[in-house]
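In this text, residue positions in the sequence shown follow numbering that gives the first Met the number 0: the first is 0, and each later residue adds one.
Heads up, a few of these hints could be off.
Stated by the list, open to error - Simulated restraints on C-beta separations:
| id | residue 1 | residue 2 | range |
| --- | --- | --- | --- |
| 1 | Arg134 | Glu67 | 17 to 23 Å |
| 2 | Lys42 | Asp128 | 20 to 26 Å |
| 3 | Ala31 | Gln68 | 41 to 47 Å |
| 4 | Asp32 | Ala138 | 15 to 21 Å |
| 5 | Gln106 | Glu67 | 30 to 36 Å |
| 6 | Gly116 | Ala138 | 33 to 39 Å |
Derived from the structure by calculation, the hints contain no laboratory data. From the three backbone atoms N, C-alpha and C, an ideal C-beta is built for every residue, glycine too.
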Amino acid sequence: MTLAISYADIEAAAGRLAGIAHRTPVMTSRTADDRTGAKLFFKCENFQRMGAFKFRGAYNALAQFTAEQRHAGVIAFSSGNHAQAVALSARLLGMPATIVMPRDAPQIKVTATRGYGAEVVLYDRYTEDREEIGRRLAAERGMTLIPPFDRPHVMAGQGTAALELI
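Make the full structure from the sequences, and use the hints.
Shown next, in the form of structure tokens:
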């Protein structure tokens, strides 16, 4: 079986994220240990920039854009964390971002995404397909589409949380 990413990809992502992503703490809980009969460790990515591990993957993917891709910008679809991660990463890297979000996404997530400087395109999740909207806008605008999962650069960036844990 061939994996989409390697350990070397995660190490390279860690290099790109050095000084950009927060090194988040690992915490334990006696109560959780007692209830499970195990020793648990919690990687506190809620302390990451924008509040989630999704920042790691988004920044790693966007940091590898060519100058032409950076100029054209990024488009993504998400109802929350990936939206904010792409928007913040794009702002840090000086590129435009458009995020396709459902109309019923939590308002705090929409507001935060806009606050990071992204254009938000709302859609109806019951009658419209976010991936189709993202592909269409990417083609129309010449932007690069970064989905929230299933993309090697995104996975490698997110894998840096486990690298830190280990």
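Outcome of the hint check:
{"no.": "1", "hint": "Arg134 with Glu67: 17 to 23 Å", "in the structure": "holds, 19 Å"}
{"no.": "2", "hint": "Lys42 with Asp128: 20 to 26 Å", "in the structure": "violated, 33 Å"}
{"no.": "3", "hint": "Ala31 with Gln68: 41 to 47 Å", "in the structure": "holds, 43 Å"}
{"no.": "4", "hint": "Asp32 with Ala138: 15 to 21 Å", "in the structure": "violated, 51 Å"}
{"no.": "5", "hint": "Gln106 with Glu67: 30 to 36 Å", "in the structure": "holds, 35 Å"}
{"no.": "6", "hint": "Gly116 with Ala138: 33 to 39 Å", "in the structure": "violated, 23 Å"}
In the structure shown, a violation is registered for the earlier hints numbered 2, 4 and 6, in ascending order.
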